[in-house]
Each structure stands twice: as C-alpha cells, then as structure tokens.
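Protein chains in written order, with this note's numbering: chain A, 33 to 148; chain B, 36 to 149.
To be clear, the hints were calculated from the coordinates, so they are not data collected in a lab.
Remember, predicted model here, so these are calculated numbers, not experimental data.
There is no bait here: all hints are sound.
Listed below are the simulated SDA-like cross-link pairs for lysine to any residue, each with C-alpha atoms no more than 25 angstroms apart in a straight line:
(1) A:Lys70 / A:Ile92
(2) B:Lys106 / A:Val78
(3) A:Lys143 / B:Ser147
(4) B:Lys106 / B:Gln136
(5) A:Lys135 / A:Arg82
(6) A:Lys102 / B:Asn135
(7) A:Lys70 / B:Leu80
(8) A:Lys102 / B:Gly77
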Amino acid sequence: AQKVTQAQTEISVVEKEDVTLDCVYETRDTTYYLFWYKQPPSGELVFLIRRNSFDEQNEISGRYSWNFQKSTSSFNFTITASQVVDSAVYFCALKKIGGGSEKLVFGKGTKLTVNP
Amino acid sequence: DVKVTQSSRYLVKRTGEKVFLECVQDMDHENMFWYRQDPGLGLRLIYFSYDVKMKEKGDIPEGYSVSREKKERFSLILESASTNQTSMYLCASSRQIKPNQPQHFGDGTRLSIL
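Chain A with its partners taken away, still in its complex shape (with noise of 0.2 angstroms):
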C-alpha cells in the first residue's frame, strides 16, 4: 500500500527565516511520481512541483527548493526567506505510474504560519 507521511502537523516561523517541510513516502513501485501542492486561505489546491522516481535531481525554483532522497524516501521541500504570502498548507502527494492508476495519495499536510 502507498502512504505519504507529513509529521509536521502546523510549523510557525517569522518572516525571512528559512523553513523546511518534510514528506517522506512509502510504496512498494518502483517507478512513481511525487508532487507538492499547496492550499492558501482561498481554499484552491495549487500544484508546485513534480519529480519521478527516476530523477534525484533536486530542484530550486526562486525561493523554493526540493530535495528527493529515494534512499530515505523523502521529498522535502524548503521554502528560503520565507514571506507572509507562504502562509498556506502545504501537501505531499504520491502517483503510481502505469498500471492504469490515476489516484494520487496525500499526505495530511502541513500548516505554515508565516508571521511578519
């Protein structure tokens, strides 16, 4: 069966500080995708990022980074100089590839609290 883990339930920081949101995922495939989406107070899920199993490159994108460790099953992301605007939650999501599956697993996510 495939889980995806968030153990930071809601993370508090105060602006400019760097924060990192963990996800770490378990599945039995060998190929899978992973994403990050995130939720602000509007309600709207937005996608951030893709990575599939066969890329570790980790990945910045302006202020966010992602690093994929296969090898601890974890995709975390960080979010640098953290602004007020990142207040939101932030989910985790894992995708089987092929086999006609087109469900995604969420984790529970993580609420970020981004204080001026």
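Here the structure of chain A is known, so what remains is to put chain B in place on it, guided by the hints.
Then chain B, alone, in the frame of chain A:
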C-alpha cells in the same frame, strides 16, 4: 490555464436532503475526482472517473454517488445528507494520456449539514 469550477463555495443543507455538488472543467480532461478534506485527515478520495459514464470508488465512497454524463462535468451526490458529511469538498481533473500531469483543483465547496 486549466479552470476547474465548483458551483458553490458555501452550501448549507439539512439532514436527509439530497445534495448535488457540481464540478466543471474546461480543458477536456479525461479524469475527474472528488475529494473531501477534513482537519487532521487531509484529502481523502471519494470517487473518480476516467471517462464519460465511468466511475470508480475511492477510499470513502459510502453515502455518496457520482454522475458523469458529459466529459466536462462531474457531479457528487449525497443521497441522504448526514451531519458527518459536513466537510470541504474538492473537485479535480487531469489528463489521462500523460500520467505525469498534475491534478488541477477547484476552489472547493464548504458544505454544512444541519
């Protein structure tokens, strides 16, 4: 940009009522999904559909049904609403041909059953 539109942001209904939540997407996506989101439980899949008139149960289908008569529209039906179905409901869609494509979500419907 993909647009997934849910018919209501907020909805209040009474116990026992039949409730319809509507979702429309404008990108010709094959797959559509209904989730509910509850504090501490994250997102849980209720039903999904990979084609018109096709549906598959997700993790928590009890008390719900769905309808997909047209490709762009996916309806979630609460046959006889109960208070434990008070929740945030999220609709999503995705391309089937490219499995690496993300799901695109609507703004959500916050449903209260009194």
